[in-house]
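S.K.: Each chain, letter by letter, is given below.
There are 4 protein chains.
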Amino acid sequence: MEYVLGAHQYGKAETRLVRIYRDTARHQIRDLNVSTSLRGDFAAAYLDGDQATVLPTDSQKNTAYAFALDKGVTDIETYALALARHFADDIEPVQAARVEVDEYEWERVRVGGGEHPHAFVRASQEVRTTTATVQRRAHEQRAWVLSGLRDLVLLKSTGSEFTGFLHDRYTTLPETDDRVLATSLTARWRHARPERDDWSAVNASIRQVLIETFATVHSRALQQSLFQMGNAVLAAHADIAEIRLSAPNKHHFLVDLSPFGLDNRGEVFHADDRPYGLIQCAVQRADAPPAGPAWDAPGSFAG
Amino acid sequence: MEYVLGAHQYGKAETRLVRIYRDTARHQIRDLNVSTSLRGDFAAAYLDGDQATVLPTDSQKNTAYAFALDKGVTDIETYALALARHFADDIEPVQAARVEVDEYEWERVRVGGGEHPHAFVRASQEVRTTTATVQRRAHEQRAWVLSGLRDLVLLKSTGSEFTGFLHDRYTTLPETDDRVLATSLTARWRHARPERDDWSAVNASIRQVLIETFATVHSRALQQSLFQMGNAVLAAHADIAEIRLSAPNKHHFLVDLSPFGLDNRGEVFHADDRPYGLIQCAVQRADAPPAGPAWDAPGSFAG
Amino acid sequence: MEYVLGAHQYGKAETRLVRIYRDTARHQIRDLNVSTSLRGDFAAAYLDGDQATVLPTDSQKNTAYAFALDKGVTDIETYALALARHFADDIEPVQAARVEVDEYEWERVRVGGGEHPHAFVRASQEVRTTTATVQRRAHEQRAWVLSGLRDLVLLKSTGSEFTGFLHDRYTTLPETDDRVLATSLTARWRHARPERDDWSAVNASIRQVLIETFATVHSRALQQSLFQMGNAVLAAHADIAEIRLSAPNKHHFLVDLSPFGLDNRGEVFHADDRPYGLIQCAVQRADAPPAGPAWDAPGSFAG
Amino acid sequence: MEYVLGAHQYGKAETRLVRIYRDTARHQIRDLNVSTSLRGDFAAAYLDGDQATVLPTDSQKNTAYAFALDKGVTDIETYALALARHFADDIEPVQAARVEVDEYEWERVRVGGGEHPHAFVRASQEVRTTTATVQRRAHEQRAWVLSGLRDLVLLKSTGSEFTGFLHDRYTTLPETDDRVLATSLTARWRHARPERDDWSAVNASIRQVLIETFATVHSRALQQSLFQMGNAVLAAHADIAEIRLSAPNKHHFLVDLSPFGLDNRGEVFHADDRPYGLIQCAVQRADAPPAGPAWDAPGSFAG
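Protein chains in written order, with this note's numbering: chain A, 1 to 303; chain B, 1 to 303; chain C, 1 to 303; chain D, 1 to 303.
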């Protein structure tokens, strides 16, 4: 055979799992979307159709459910790491396991001023994310953990300008010293070490730093806002090695109402769908430990 | 011509409009999706391609923007009514105008414990809705207003059963006295009169009644929960004539973990996508004023 | 109780069912999305939580699967009618049953110039639809059948104008005698009688008439195109009582390239997302039999 | 500043562009979604908010439109390369430009047995894709071109098994020697050289090879099918260096109808939504030229 099997991986994507803690009358709920992905000694399945080393994706799904009961889901990072370590440790052909978890947040229903013990309402459309990657086993084992968020929709109604940019022959955009700046932020940050017990607290703090910095930085461009946001996160959290930010510029165009005798001074906008600007950057410590395979998300494999 | 033009209407759908109030340093934001629809003397456009009576949908869009500046958007009901009245009053061929508005809610960013004056974060994925319908003009004019919400996602982790149901030859479902009950509620309620100045306060109160009732009723079926929710709204608000509720039963299936030696006592569930139950009902006052065309939504015209 | 239970219905939505015919080596496939909805004597479930008359939605799902095997799916109309008649005939509390079916079309894979016997590729994103409604039983039974299609995306690159329209103070749209006309058509037509054995052939013919008429009519407005399309269907099919058409005007805006020294004579367009015009009309025979509940789709119940 | 700006890029995403050729009465249409992304000397924008080197994303959009008129869109690869080369050649701070284009296919409407000259209907939901990446300028310039497709939905109703797989303690899946195999294929292939004039013909041939191989290989696992599909493409096209395939295993579960006295021998299936298997692999020539940045898609930057 003159053709070579290149990179390959397989797994079970989007297992929708709800874990309820009901040890006391005050229930708790964790609502997850779990995707597992294995790399390793699986070439025979591709080359010869021989499944002898292939753990079915159905078994991976079962494991996700079983671990949710057995190990629990105190936070998604701990859960994802446990699951990834299990695949790396216990399934012989696996050389690397990646577990990605999205979490949807619920709030308690308030009744008569107090919190209801077992009724919940979905909070924001924002999603918490994690990716745990574990390579090899025993003393050779290495692990990486990313945490993040998606669909955090932010808007500033002033405090944003866009001036002094490069002009080429296709440039018609006027400069502006006061515009609406809006985005739907995706952010992921890499923890310097995969061991910690304060995942949720750290992540909540980082989220707040991102939001506060977006709000308070006078923005000369979305690029600048993003870098300041990343900077602020690293400044506040010594154990974060790197942060990556991807931010669509959700354009809000001022509507020209002068044909109708109206002077629209930044009050009525058209929120456009497409196209949108897309700004992406990483901010990292100069001495950050290497990222290894932490960012090799399965979703991007073939586009 | 032996064939007859039946019901017909036209308009501009989904004008995405953001209104910012910036009279003081503490900005306010209203984020809307506006759809307008006109009925009236437009048969010639269909029969002969004669546009003489047809106000372009582009003009309807312009009007939506202009009114957002000129009349403002204190609440979506007042705005929708003003727009619908304008079309009915001022555009000669119009016999009935309907304006549907969705509103997306934003919260202020909190910085250092206080509210930021011009930075916002999208709140829940829940959507506020209204439909204003206005027929004819001058002393013959009639108006109807619906308010509502969509995508209010609720879940109870206990306090729900499903027993004693009809069995036929295709029934295999076991009875259960403790299940997860979850839905993504769509609710719309009809105001007895189209004139009021407390739209937002009333709607917030109704939303809270719906949520509290869902939480506190021990549910023998989603049907019962919905009726109780509707009942509670009518009991609390004498000026609401009718409420309609549409609720998918978002099934959460208990995962069988016994093959793995685990006893899953209501702790780990699979949140399924499709199929889903769909329960719908109206609750109304015995003496409710007639609904007229209030519920004839354009979206349902041809399915 | 002073509040009244109004209209109510319940059922199982979106049962995703694939029926494969494998009696010979040349398999056939029918790919369906089935939704069932029942009306009748179910008030006790809402009022008291008493399920004694309630056939579980799970049983409705089971019935959809069982009928797909037992009765087969020669075409979606026959299947939907059989299912609706079963609920009306055999489930005592049911007074009316509605079955909606979407069908996704597959084409055979071509290999070496011939058709493969058991490999298929999804054809267009277009969806075939039907709604069968059956009321009461025995000699009192009545049935109505709608057939239709959704997401039939059509475009004319010329042969469309928009001139001579009404101007008000908010009108800025210029007239045009040559524009791109594009839509994503939803059409549903009501069969004069629910008994026929040529559903698929009739529906294919109607689809072709719709497309040909869209193509060949010089359009003075989308309204005119729609009416002509409906007319042509009624003219070609004496057993169609009525047709309803809903057509977004998917705007294609000519891009102004003159700042770059380019003369854009109808060659480069921006395909916009929102807002869009929305044109809807019914065309019916003057002597059409009454529609009864044929058009009361569950989806529109509460918006 | 102790924190470092890492990888960064920016551009305009999803410019929805329709190019119509109307030189003769028989029009042609190209329907595109264009995303441009620039890397280079843009650090000052992030670090200081200085836009002096930043070509606005609005200008990038204008360029996409202008090139569609000026250079035309004979095929998406030629168009994407021209656009990427322009950014790399003519915009001083740019060190690398990537242009991604999706194309939606239209078919001519057939009227009276012939093809209509200017009326079109959207074909399959399948999307053609390309990514052109250009680094540096003049004699140092390098270019890479990927072509591909997305949402090619395939199904085999027999000729697929899954047996002999690894069992662990969480494995409950039964073996099967006859199942439905279905996927929604994403495939991208890298051309050995960026210069060719037969893009559309080559891509159509590759698509056909993928489909035929899926159909004709007796599948012992989706992994095996994918590798064979990649192999066949490389065997048929000496100028393709590498192909990557990403394939969800769209599970079709046999419905147990035995409680209803029915024997379901592979005839009725539930088409499930989530979770799904996800199988991904690359197949490449042993002597393939290096991929460089060809696969670094912006979409995967932060997840």
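The hints are simulated quantities; they were obtained by calculation from the structure and are not laboratory data. One or more of the hints may lead you astray.
Treat identical chains as interchangeable: a pair holds within one or across any two.
To be verified - Subject to a maximum C-alpha distance of 16 Å in a straight line, what follows is the list of computed EDC-like cross-link-like pairs (lysine to aspartate or glutamate):
{"#": "1", "residue 1": "LYS250", "residue 2": "ASP273"}
{"#": "2", "residue 1": "LYS250", "residue 2": "ASP197"}
{"#": "3", "residue 1": "LYS71", "residue 2": "ASP23"}
{"#": "4", "residue 1": "LYS250", "residue 2": "GLU14"}
{"#": "5", "residue 1": "LYS71", "residue 2": "ASP197"}
{"#": "6", "residue 1": "LYS250", "residue 2": "ASP58"}
{"#": "7", "residue 1": "LYS250", "residue 2": "ASP151"}
{"#": "8", "residue 1": "LYS71", "residue 2": "ASP50"}
{"#": "9", "residue 1": "LYS250", "residue 2": "ASP263"}
{"#": "10", "residue 1": "LYS71", "residue 2": "ASP263"}
{"#": "11", "residue 1": "LYS250", "residue 2": "GLU161"}
S.K.: Hint by hint, say whether it matches the structure.
M.R.: Tested hints:
With identical chains, the CA atoms of LYS250 and ASP273 are at most 16 Å apart both within one copy (7 Å) and between copies (14 Å). In the homo-oligomer, the alpha carbons of LYS250 and ASP197 never lie at most 16 Å apart, since the shortest distance is 36 Å inside one protomer and 33 Å across protomers. Proximity of LYS71 to ASP23 under the C-alpha cut-off of 16 Å is restricted to the intra-copy arrangement: shortest distance 15 Å within a copy versus 49 Å between copies. Taking the closest pair of Cα atoms, LYS250 and GLU14 come within 16 Å of each other only across two copies (12 Å); inside a single copy the shortest separation is 28 Å, beyond that limit.
In this assembly of identical chains, LYS71 and ASP197 lie within 16 Å of each other by CA distance solely inside one copy; the values are 15 Å within and 54 Å between copies. With identical chains, the CA atoms of LYS250 and ASP58 are at most 16 Å apart between copies only, with a shortest distance of 13 Å across copies and 39 Å within one. Only within a single protomer do LYS250 and ASP151 lie at most 16 Å apart by alpha-carbon distance; the minimum there is 12 Å, versus 23 Å between protomers. For the homomeric pair LYS71 and ASP50, neither the shortest alpha-carbon distance inside one copy (33 Å) nor that between copies (39 Å) is at most 16 Å.
Within a single copy, LYS250 and ASP263 get their C-alpha atoms no closer than 24 Å, and across copies no closer than 30 Å, so neither meets the 16 Å cut-off. For a Cα distance limit of 16 Å, the shortest separation of LYS71 from ASP263 across copies, 13 Å, qualifies, whereas the shortest one inside one copy, 62 Å, does not. In the homo-oligomer, the alpha carbons of LYS250 and GLU161 lie at most 16 Å apart inside one protomer (14 Å), although the nearest pairing across protomers, at 33 Å, exceeds that limit.
Checked against the numbered hints given earlier, the structure breaks hints 2, 8, 9 and satisfies all the rest.
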